[in-house]
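**Student:** As you go down the protein sequences, you meet chains L and A in turn. Under the numbering used here, read the first sequence as residues 130 to 282, first letter to last. Under the numbering used here, read the second sequence as residues 1039 to 1457, first letter to last.
Do not take every clue at face value.
[Claimed, not checked] Distance condition first, Cα-Cα at most 27 Å in a straight line; then the derived BS3-like pairs of lysine-lysine:
{"hint": "1", "chain 1": "A", "residue 1": "1114", "chain 2": "A", "residue 2": "1370"}
{"hint": "2", "chain 1": "A", "residue 1": "1114", "chain 2": "A", "residue 2": "1367"}
{"hint": "3", "chain 1": "A", "residue 1": "1430", "chain 2": "L", "residue 2": "133"}
{"hint": "4", "chain 1": "A", "residue 1": "1114", "chain 2": "L", "residue 2": "133"}
{"hint": "5", "chain 1": "L", "residue 1": "138", "chain 2": "A", "residue 2": "1430"}
{"hint": "6", "chain 1": "L", "residue 1": "146", "chain 2": "L", "residue 2": "133"}
{"hint": "7", "chain 1": "L", "residue 1": "146", "chain 2": "A", "residue 2": "1434"}
{"hint": "8", "chain 1": "L", "residue 1": "158", "chain 2": "A", "residue 2": "1370"}
{"hint": "9", "chain 1": "L", "residue 1": "138", "chain 2": "A", "residue 2": "1370"}
{"hint": "10", "chain 1": "L", "residue 1": "146", "chain 2": "A", "residue 2": "1430"}
{"hint": "11", "chain 1": "L", "residue 1": "158", "chain 2": "A", "residue 2": "1367"}
{"hint": "12", "chain 1": "L", "residue 1": "158", "chain 2": "L", "residue 2": "146"}
{"hint": "13", "chain 1": "A", "residue 1": "1362", "chain 2": "L", "residue 2": "158"}
For the record, the hints were derived by calculation from the structure and aren't laboratory data.
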Amino acid sequence: MTFKELSRKLLLVDLLKGLSVTFRNQHPKEIYTEQYPLQRPRVAERYRGAPRLGVNPDTNETLCISCDLCALACPEHLIVVTSERNPNTRRKELTTFTYDLSRCMFCGLCEDACPTDCLELTQDFELASYSREGMIWDRQTLERGPQPTKYER
Amino acid sequence: MQDFLNYIQHSSQTPGEAGNFAWATIYILIIFTGISVAVIAMNWLERKVLAHMQVRLGPMRVGPHGLLQPIADALKLLIKEDIMPSEADRLVFWLAPVTVVITAFTVFIVIPFGPTHAVTDMNIGILFMLGVSSLGVLGIIMAGWASNSHYPLLGALRSSSQMVSYEIAMGMAVISAVLMTTLTSDGVGTLSMIQIVQSQDKQQTWFLFRMFPFGFLAFFIFAVAMVAETNRAPFDLPEAESELVAGFHTEYSGFRWSLFFLAEYAAMLAVSSIAVTLWLGGWMRPFPHWMAGVGWDAFFSFFPAATFLILALLALIGTVRMPKHPAFKIQKGGLGLFALVLCGIGILLLVPAVKDRIQDIYWFVAKVSVFMYAYIWYRGTFPRYRFDQLMKLGWKVMIPMGIAVLIVVAAAPAFNFVW
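Next comes chain L alone, as it looks inside the complex:
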């Protein structure tokens, strides 16, 4: 053991260094914890959360063209799209769209497959439900978008 190492050990340099680190970290500015219900958490930019079906903001019509590509892309086959052809315009129109969140693994393949950018996985993360049925989202729920309960009191 060299003299340097010995004196380091005897004068407890490492212990004092440790003490100074914890002392400096005490500053309230360093605190990383968020007070969740009061404070909205900072979600990562690429976070994939609750799905949403986009609507045209002007006409309130769905952007979905019922192409069924998302349902085909889904590895879990949890998306069911039904549509019927409008005899006047000769276009497919969306009737129902169900998305079973309980089986979803948020891989984002449906989002990628969507040609009109209608289906997207949003940053919303509050997906808790009181029942299994509540996890199966229908077209209305998907179009309405996330409606988190406001924390009060």
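Given chain L, put chain A in place with the hints provided.
**Tutor:** Only chain A this time, still in chain L's reference frame:
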């Protein structure tokens, strides 16, 4: 009544010495309440400071900044179901927490908060303190044995062996400090807690700086041994969560567990008070001789009031800076009220009669609180020792060092070589 007033204003003796039974009882009650409040405050501070060291917030929801958290915890503990293992030794199981608490609190009757602010002054004060506080080990062994369970038994064994081995090093350090009391002009040593401080006053230095570095080394040994004595991190092996669940109090819950908790913190306060009395000049204000004179006296006498007023100001700033969210309305009011209470105490301490009597207590408590902060600080910093490392440190480092310091401090005055 007149006696009472006379006593509080003019007495120069502790109630025990004066034989004043009524005042002794009042002092005991005041100290008991004070310790309990200190334990509550310490509980909150520990959680808060530890949290901040770990970049967390700590308790925030019960009262402003979690100020009421310890009270909520205490209430929860008191209304909890009282569980006793069916195979436990019922009498000993009941007796163990009682023993621990009684020993932890008995120690406080000789602690000198000021030249007159102690329940009594014994001529064997320091021996009494060490003797009674060591009895706490008995309570811990009782708890471990009576639980009739593996983890508590192992925890109690660890705890007792640790406390017993560190007691020796602690004793060495204490003896060297007691020997230093003989270095006055008349050469008479003392074991009385009050006279130890008065001896430091006469020698015009704290024993920490006496015969440097030997006074400091003795203090260092004591400072390490006292952490081990109270089973606190980094020597908290008896309660090592990862190994022994909770050590000797695994089977305890509710009120009995809270007694152990109370005793642990009271013991921490007690050993810190011993360290302050022996090495840090007890109730003496900083530089009583170097900064002597009426002006300095007046300057230092404003410290107690200033502390409370600054705390009140901090609480007030906290109130103003509370988030403007309706959820924080009640908390804001509570914190404002707390600031007002602190402010009231600060103003009360400015009254001349109170100001003069409170001085000693203030400096004593200030020094002890530094130790209490250090306890939390160690816990936030140091990883736990392995048991053989702990024993190695105790027997191979602390005890030889203690003996060496003791020999030097004992031998040097014999050759008229004192510095």
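**Student:** Does each hint hold? Answer for all of them.
**Tutor:** Tested hints:
Of the supplied pair hints, the one linking residue 1114/A and residue 1370/A holds, its CA atoms being roughly 25 Å apart against a limit of 27 Å. Restraint check for residue 1114/A and residue 1367/A: satisfied, since their Cα atoms lie roughly 25 Å apart, inside the 27 Å limit. For the hint pairing residue 1430/A with residue 133/L, the CA-to-CA distance comes to about 23 Å; that is within 27 Å, so the pair holds. Note on residue 1114/A and residue 133/L: the hinted pairing is violated, with a Cα-Cα distance of about 53 Å set against a maximum of 27 Å.
Annotation: proposed proximity of residue 138/L to residue 1430/A holds, straight-line Cα distance about 15 Å (limit 27 Å). For a cut-off of 27 Å, the pair hint linking residue 146/L to residue 133/L stands: about 16 Å separates their Cα positions. Between residue 146/L and residue 1434/A the CA atoms are separated by roughly 24 Å; this keeps the pair inside 27 Å, and the hint holds. Using a Cα cut-off of 27 Å, the hinted pair residue 158/L and residue 1370/A holds, with the two alpha carbons roughly 21 Å apart.
For the hint pairing residue 138/L with residue 1370/A, the CA-to-CA distance comes to about 49 Å; that exceeds 27 Å, so the pair is violated. Taking the CA atoms of residue 146/L and residue 1430/A, the gap is near 23 Å; set against the 27 Å cutoff, the hint holds. Proposed proximity of residue 158/L and residue 1367/A is supported: the alpha carbons are some 23 Å apart, at most 27 Å. About 21 Å separates the Cα atoms of residue 158/L and residue 146/L, which keeps this hinted pair within 27 Å; it holds.
Note on residue 1362/A and residue 158/L: the hinted pairing holds, with a Cα-Cα distance of about 19 Å set against a maximum of 27 Å.
The structure shown violates the earlier hints numbered 4, 9.
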